[in-house]
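Residues 1 to 294 (the UniProt record's numbering) are what the sequence shown spells out, left to right.
Watch out, some of these pointers could steer you wrong.
With a straight-line cut-off of 25 Å between C-alpha atoms, the simulated DSS-like cross-links for lysine-lysine are [stated by the list, open to error]:
1) Lys262 - Lys240
2) Lys51 - Lys68
3) Lys89 - Lys51
4) Lys240 - Lys139
5) Lys188 - Lys139
6) Lys262 - Lys139
7) Lys89 - Lys68
With beta-carbon atoms standing in for the labels, derived distance ranges [stated by the list, open to error]:
8) Ser253 - Pro31: 19 to 29 Å
9) Ala190 - Thr67: 32 to 42 Å
10) Glu50 - Leu247: 50 to 60 Å
11) Arg174 - Ala198: 14 to 24 Å
12) Val184 - Asp32: 36 to 46 Å
13) Asp32 - Gln259: 23 to 33 Å
14) Gly130 - Ala190: 29 to 39 Å
15) Arg224 - Val184: 20 to 30 Å
16) Ala198 - Pro222: 55 to 65 Å
17) Arg197 - Gln229: 49 to 59 Å
18) Gln259 - Glu153: 48 to 58 Å
19) Asp160 - Ala280: 24 to 34 Å
20) Ala280 - Thr67: 18 to 28 Å
Treat the hints as calculated values from the structure; they're not laboratory data.
A virtual CB, placed ideally from N, CA and C, is assigned to each residue, including glycine.
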Amino acid sequence: MSPNDRYGSDVLSGDWRAPRRGRSTPTPAEPDLVVEEVETGWVGAVVRVEKAGGMHVVHLEDRRGRTKAFPLGPGFLVDGAPVTLTPPKAAAGAALAEARRAASRTASGSVAVEGARARVASGSRIYVEGRHDAELVEKVWGDDLRVEGVVVELMDGVDDLAGIIAEFQPGPGRRMGVLVDHLVPGTKEARIVEQARALPGISQHVKVLGHPYVDVWQSVRPERLGWQQWPVIPRGTSWKHGICAELGWAHSSQADIAQAWKRILGTVRSYADLEPTLLASVEELIDFVTEPGA
1 MSPNDRYGSD VLSGDWRAPR RGRSTPTPAE PDLVVEEVET GWVGAVVRVE
51 KAGGMHVVHL EDRRGRTKAF PLGPGFLVDG APVTLTPPKA AAGAALAEAR
101 RAASRTASGS VAVEGARARV ASGSRIYVEG RHDAELVEKV WGDDLRVEGV
151 VVELMDGVDD LAGIIAEFQP GPGRRMGVLV DHLVPGTKEA RIVEQARALP
201 GISQHVKVLG HPYVDVWQSV RPERLGWQQW PVIPRGTSWK HGICAELGWA
251 HSSQADIAQA WKRILGTVRS YADLEPTLLA SVEELIDFVT EPGA
């Protein structure tokens, strides 16, 4: 301290907020790293890191062979210095590899074709009953269909299926795949499809498949909406209105129904969020209309 400085150096200079032991540094929780958990004083070597209950935990084994788990993060010491434990590099690398693998796949699970442009539309088509069906197919299989040059058309219902087939004029180079809602024995849809399949000369160029769900909404796994299964809507009640009521959503207007579908569609991230029956039918239709030389 100089003769003219009555109080010495400035106590606020430098990193005066720094903890006594220094600031915590990020440290990968690699196996065999010996750490001390500050709050309990537990000292042990890292055995493993895993995800449990939505969070990462680190398991530490002490010198007596006892193991205890702690939340991964701050609150540990290594050689007396504070550290923030992070996932081990191997785990981080595996997570990155998995993220890259997922990014290399389309929503349908197909290998993404990097830099591929949409092909000019082919003569073959896939027909679906309505807008919601088309939007779901687009979300999951859109990338695949653009690579193949396949367009999805709307039928606005299946009542005139025979007429739609006749108007399309299927033949060599013009295959037609049709996806029908609620295609189960004894239904109106089953009778219409049976009549359409009986049309002469179309068997090689038209494939009609369906799913058993009342509406394509039901092909979304109920877990995505917090249900174990889709509710049974009483006869005489509009199915979509009944579903919205069960969810506590507005359903008094067509705009409300459209908004409800957007919310349901928003829960679909990939093919894994759809029921297998729908997946099988759509995949088979895509194979049918894109078969080489068809």
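Status of the hints after comparison with the structure:
Distance hint between Lys262 and Lys240 is fulfilled; the C-alpha atoms sit about 13 Å from each other, no more than 25 Å. At roughly 15 Å between alpha-carbon atoms, Lys51 and Lys68 fall within 25 Å of each other, so this suggested pair holds. Distance hint between Lys89 and Lys51 is fulfilled; the C-alpha atoms sit about 15 Å from each other, no more than 25 Å. Using a Cα cut-off of 25 Å, the hinted pair Lys240 and Lys139 holds, with the two alpha carbons roughly 21 Å apart.
Annotation: proposed proximity of Lys188 to Lys139 is violated, straight-line Cα distance about 28 Å (limit 25 Å). With a C-alpha separation of about 12 Å, the suggested pairing of Lys262 with Lys139 holds against the 25 Å cut-off. Proximity of Lys89 to Lys68 is assessed by CA-CA distance (about 22 Å); at most 25 Å being required, the pair is judged to hold. Remark: the range hint 19 to 29 Å for Ser253 to Pro31 is contradicted by a beta-carbon distance near 60 Å.
A C-beta distance of roughly 60 Å is found between Ala190 and Thr67, which places it outside the suggested range of 32 to 42 Å. In this structure the hint that Glu50 and Leu247 lie 50 to 60 Å apart at CB is violated, the actual value being about 35 Å. Checked against the given bound of 14 to 24 Å, the beta carbons of Arg174 and Ala198, roughly 20 Å apart, stay inside it. One distance hint, 36 to 46 Å for the beta-carbon pair Val184 and Asp32, is violated here, with the actual separation near 59 Å.
Asp32 and Gln259 have their C-beta atoms about 55 Å apart, which leaves the hinted 23 to 33 Å range violated. About 18 Å separates the C-beta atoms of Gly130 and Ala190, a value inconsistent with the hinted range of 29 to 39 Å. Roughly 23 Å separates the CB atoms of Arg224 and Val184, a value that falls within the hinted 20 to 30 Å. Under the hint 55 to 65 Å, the C-beta atoms of Ala198 and Pro222, about 36 Å apart, miss the expected range.
Between Arg197 and Gln229, the C-beta spacing of about 31 Å breaks the proposed range 49 to 59 Å. Checked against the hint of 48 to 58 Å, the pair Gln259 and Glu153 fails, with Cβ atoms roughly 25 Å apart. A beta carbon spacing of about 26 Å between Asp160 and Ala280 agrees with the range 24 to 34 Å that was offered as a hint. In this structure, Ala280 and Thr67 break the distance hint of 18 to 28 Å, their C-beta atoms being roughly 46 Å apart.
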